[in-house]
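Visitor: First to last, the sequence lines map onto chains R and U.
Here the numbering used here is used: the first residue of the first sequence is 1, the next is one more, and so on.
Here the numbering used here is used: the first residue of the second sequence is 1, the next is one more, and so on.
What the hints contain is simulated information worked out from the structure, not anything from laboratory work.
Keep in mind the model is a prediction, meaning the values are calculated, not measured.
Each residue gets a CB set at the ideal place from its N, CA and C atoms; glycine is no exception.
Heads up, some of the hints might be wrong.
Below, computed lysine-lysine pairings styled on DSS-like, alpha-carbon distance capped at 30 Å [as the list claims (entries may be wrong)]:
{"id": "1", "chain 1": "U", "residue 1": "Lys197", "chain 2": "R", "residue 2": "Lys146"}
{"id": "2", "chain 1": "U", "residue 1": "Lys118", "chain 2": "U", "residue 2": "Lys214"}
{"id": "3", "chain 1": "U", "residue 1": "Lys119", "chain 2": "R", "residue 2": "Lys74"}
{"id": "4", "chain 1": "U", "residue 1": "Lys140", "chain 2": "R", "residue 2": "Lys79"}
{"id": "5", "chain 1": "R", "residue 1": "Lys74", "chain 2": "U", "residue 2": "Lys61"}
{"id": "6", "chain 1": "R", "residue 1": "Lys73", "chain 2": "R", "residue 2": "Lys30"}
{"id": "7", "chain 1": "U", "residue 1": "Lys93", "chain 2": "R", "residue 2": "Lys73"}
{"id": "8", "chain 1": "U", "residue 1": "Lys197", "chain 2": "U", "residue 2": "Lys214"}
{"id": "9", "chain 1": "U", "residue 1": "Lys140", "chain 2": "R", "residue 2": "Lys73"}
{"id": "10", "chain 1": "U", "residue 1": "Lys295", "chain 2": "R", "residue 2": "Lys146"}
{"id": "11", "chain 1": "U", "residue 1": "Lys25", "chain 2": "R", "residue 2": "Lys73"}
Counterexamples of contact, computed for chain R against chain U with all Cβ distances above 12 Å [unchecked claim]:
{"id": "12", "residue": "Asp120"}
{"id": "13", "residue": "Gly148"}
{"id": "14", "residue": "Glu325"}
Pair by pair, the computed Cβ-Cβ distance ranges are [what the hints assert, rightly or not]:
{"id": "15", "chain 1": "U", "residue 1": "Lys161", "chain 2": "R", "residue 2": "Ser145", "range": "19 to 29 Å"}
{"id": "16", "chain 1": "R", "residue 1": "Pro58", "chain 2": "U", "residue 2": "Gln309", "range": "48 to 58 Å"}
{"id": "17", "chain 1": "R", "residue 1": "Arg381", "chain 2": "U", "residue 2": "Leu232", "range": "58 to 68 Å"}
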Amino acid sequence: MRIPVGLVLSATILLSCQRSSSEQSFDSSKVPRASPEEIDRLIEAFIFAEDGDTIAIPAGFYNVKTQLILDNKKNVTIKGAGMAETVLSFKELTSGGEGVKLVGQNITIEDLSVEDAPGDGIKSQHCDGITFRKVNVTWTNGDKSKNGTYAIYPVQCKNVLIDACIASHSKDAGIYVGQSENIVVKNSLAFGNVAGIEIENSDNAEVFGNTARDNTGGILVFNLPGLPKAEGRGTKIYDNDILSNNHVNFATALNEQPNGNTVTQIPPGSGLILMAAKGVEIFNNRIHYNKTVGIAISNYQITGFPTDAPNWSPFTSDIYIHGNEYKRSAQLPDVTKEFGQLIAVYNAHGKGKTQDIIYDGFWDKRLSPDIKTNPMNVCIREADMSQLRFTLFDLWEGEENIKSSSDYAPFDCQTEVHTQVRALSTR
Amino acid sequence: MVYGEWEAPDVDINTVNFDQMPFSKLSDYGFFKGKIREFNPGKGVVLYEPASSLFTDYAFKTRYIWMPEGASATIQDDSEGTIDFPENTVLIKNFYYPADFRYPLEKIRVIETRIMVKKNGAWEAFPYLWNEEQTDAIYKAVGAEVSVDWVDQQGQAQFVKYIVPNQAQCKSCHNSNEVMVPLGVKAKQLNHALPGKGNQLIAWEEAGYLEELKPLQAYPAMVDYSDISSDLNLRAKAYLDSNCAHCHRAEGPASTSGLFLNYEETDPAKLGVFKTPVAAGFGAGSFTYAIWPGKSNESILTYRMGTNQVGAAMPEIGRGLVHREGLELIKAWIDAMPEESFHHLSAGKR
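Construct the complete structure from the given sequences, taking the supplied hints into account.
Guide: Here's what the structure looks like:
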């Protein structure tokens, strides 16, 4: 959908409110440089690793010019001397999609940092049992347009634990779990990314005890079409701090239109976004100072992309939002993205007003002719609903006739979302 | 460059101990005789060529196969004609540059030789880096970077920082469901005639390397993408198969993307038509779809083939230069796609 620019508040003034962050958790330039021989030994340790090995990486700054790949091994631990002590820099990597790639069963990576990988930081694929613990992945360039895609990137994995990690400055998602099942993301920090934490096309995930701050969007649960794992279901997001996610969206260059990557459409100031999500419970989070919207319940139609794909539905369904704490920002909502413009201009509470919860109002019309019957089973039961700014949009008639309502009554219900990750939480 | 005069001692491959591989030097295997840079093959070392080859920074390549005496392979019944190889099969691939591409047999500089060996039922890959004197190559697991220059077909000076991959990177491409596999030795890549030598499947049968061939029509065959007399669609798909589909297939590492570029794929959505990216990051450029039919300059596929930015460039490893001829072919293919015939895929598109 496109919103006529004439309706939008003065974009040039509002652009100045956008934040950008170059914060680093520590200064790796002070870490002593590893020698070329030490770097070759590290590369060989990955190449020749055997089942059951521990690859201990002593303190040092390793300027690695090739990929570190662990190829289909069992029970391997990769252990640094600490996030601020062992730094793997891929700034001079000249070929390869990611700095570190891990494949296998029961793999752990801990106590180290990865910097400046041109593509992804640490990717794990086809793992059964992968633990990231006390791992920091970041980009140190001042120019964020050159940063990589995902910092911590498990994909097509089972039994994923991400614990006490830090992910920052990625051009897409800091912590991204895709096409996986049985997932815990806990006690981690994501800041300065386009998306802080993202669960995509994944089953059975719990995200708790994390801080997602100063990203463009804090926490995302998406299902994208056309993937081998067609659809994911079952995510619980609780006890997180989702704060001031007002970072400029640098997934594309400033002044450039969104491309086909969905994150390029995320408006700065988004706390949580659901898109084509199935079975998500969001409770007991602190959702503070996100200038555009606290929680956006959206369907894939909002992207304007084709919505046909096998075994996949563009609709968000079976959602339960309750017991969260909201604090609104004094800043005006985003108008750099169409989704932001929609919220800023057409919400049911008045132009330029930050929203706590919005629902884009697409639903599967085969189920019911009227959204007031709550056909997608979207339930919102917050303590003081009348004090929150809730908007239900009606976008079916296109940009010429956008309607909105503040009536939350159809969605006052509760529903059950099933997850089971106890084995991972205690690992 | 001054060639060394050293000649390799004569080694009989049949007597080497496979359990001790990788050997420290290429000459230890006995694949080539005398001055091994001349690639005079030992007994049973058979030259082969795939129908469509992978682009590797304009490097020339020669490929050889060797099997133990009396052993032979079987072509499987699948759509690609994958081949089941016997224990101790060896594949040898040399990467080299003539100083002047207009004289491809002269002043050759060999950069690396990659060996794949099937041991204990599993394939392993070993990279060898050639020395300055071009007398031998040494086993180099951690990879290397080599500056190479040459004069191209048009007489222009060219240069590349050639990357010899590290051993673990081999599996970035040689990977089917996380099992290491050879790529070019499939019936679809071999079922064609080498100049002056006849069909390769028959040549392999005559060498004793294949058993009981059926009539050649019974096996799949891919076109040579550089053969301009072939159908544009088949040429483009052959190019994509050899250059992309080792990862971009259901069994490959890039299955995560849902973009499948193997020769057998016929679903336009899986081939990228009006397909949005998933994890492309800046690889998407300013574009929305992998392929926008009729608009090669607005397609992510050609954008990623045409950039050298690490993290955006495709394939992810194996090239530091743009393959101009390959890019032109894929652009022509996309531009020849009538957009209106894909309307069923573009419903709702911006």
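Visitor: Going by Cβ atoms, does Asp120(R) stay more than 12 Å from chain U at every point?
Guide: 8 Å, violated
Visitor: Look at the Cβ atoms of Pro58(R) and Gln309(U) and judge whether their distance stays inside 48 to 58 Å.
Guide: Since Pro58(R) and Gln309(U) have Cβ atoms about 33 Å apart, the given range 48 to 58 Å is violated.
Visitor: When you check the alpha-carbon spacing of Lys197(U) and Lys146(R), does it fall within 30 Å?
Guide: The given pair, whose Cα atoms are some 51 Å apart, is violated under the 30 Å limit.
Visitor: Straight-line Cα separation of Lys25(U) and Lys73(R) no greater than 30 Å?
Guide: Within the cut-off at roughly 27 Å; holds.
Visitor: Does the Cβ distance between Arg381(R) and Leu232(U) fall inside 58 to 68 Å?
Guide: Cβ of Arg381(R) to Cβ of Leu232(U): about 59 Å, so the range 58 to 68 Å holds.
Visitor: Given the hint that Lys295(U) pairs with Lys146(R), test it: the Cα-Cα distance must not exceed 30 Å.
Guide: This hinted pair holds, its Cα atoms lying about 26 Å apart.
Visitor: Quick one, are Lys74(R) and Lys61(U) close enough, alpha carbons at most 30 Å?
Guide: 36 Å, violated
Visitor: Decide if the proposed pair is consistent with the structure: Lys93(U) and Lys73(R), CA atoms, cutoff 30 Å inclusive.
Guide: Holds: Lys93(U) and Lys73(R) sit about 27 Å apart, inside 30 Å.
Visitor: Just want to verify: Gly148(R) was marked as not at the interface with chain U; is every Cβ pair farther apart than 12 Å?
Guide: Given a closest Cβ separation of 6 Å, the condition is violated.
Visitor: Can you tell me whether the CB distance of Lys161(U) to Ser145(R) sits inside 19 to 29 Å?
Guide: Holds: the Cβ-Cβ distance is about 24 Å, inside 19 to 29 Å.
Visitor: Report holds if the minimum CB distance from Glu325(R) to chain U is greater than 12 Å, and violated otherwise.
Guide: With a cut-off of 12 Å, Glu325(R) remains clear of chain U, as the shortest Cβ separation is near 33 Å.
Visitor: Under the criterion that the straight-line Cα-Cα distance not exceed 30 Å, is the pair Lys140(U), Lys73(R) satisfied?
Guide: Holds: Lys140(U) and Lys73(R) sit about 22 Å apart, inside 30 Å.
The structure shown violates the earlier hints numbered 1, 5, 6, 12, 13 and 16.
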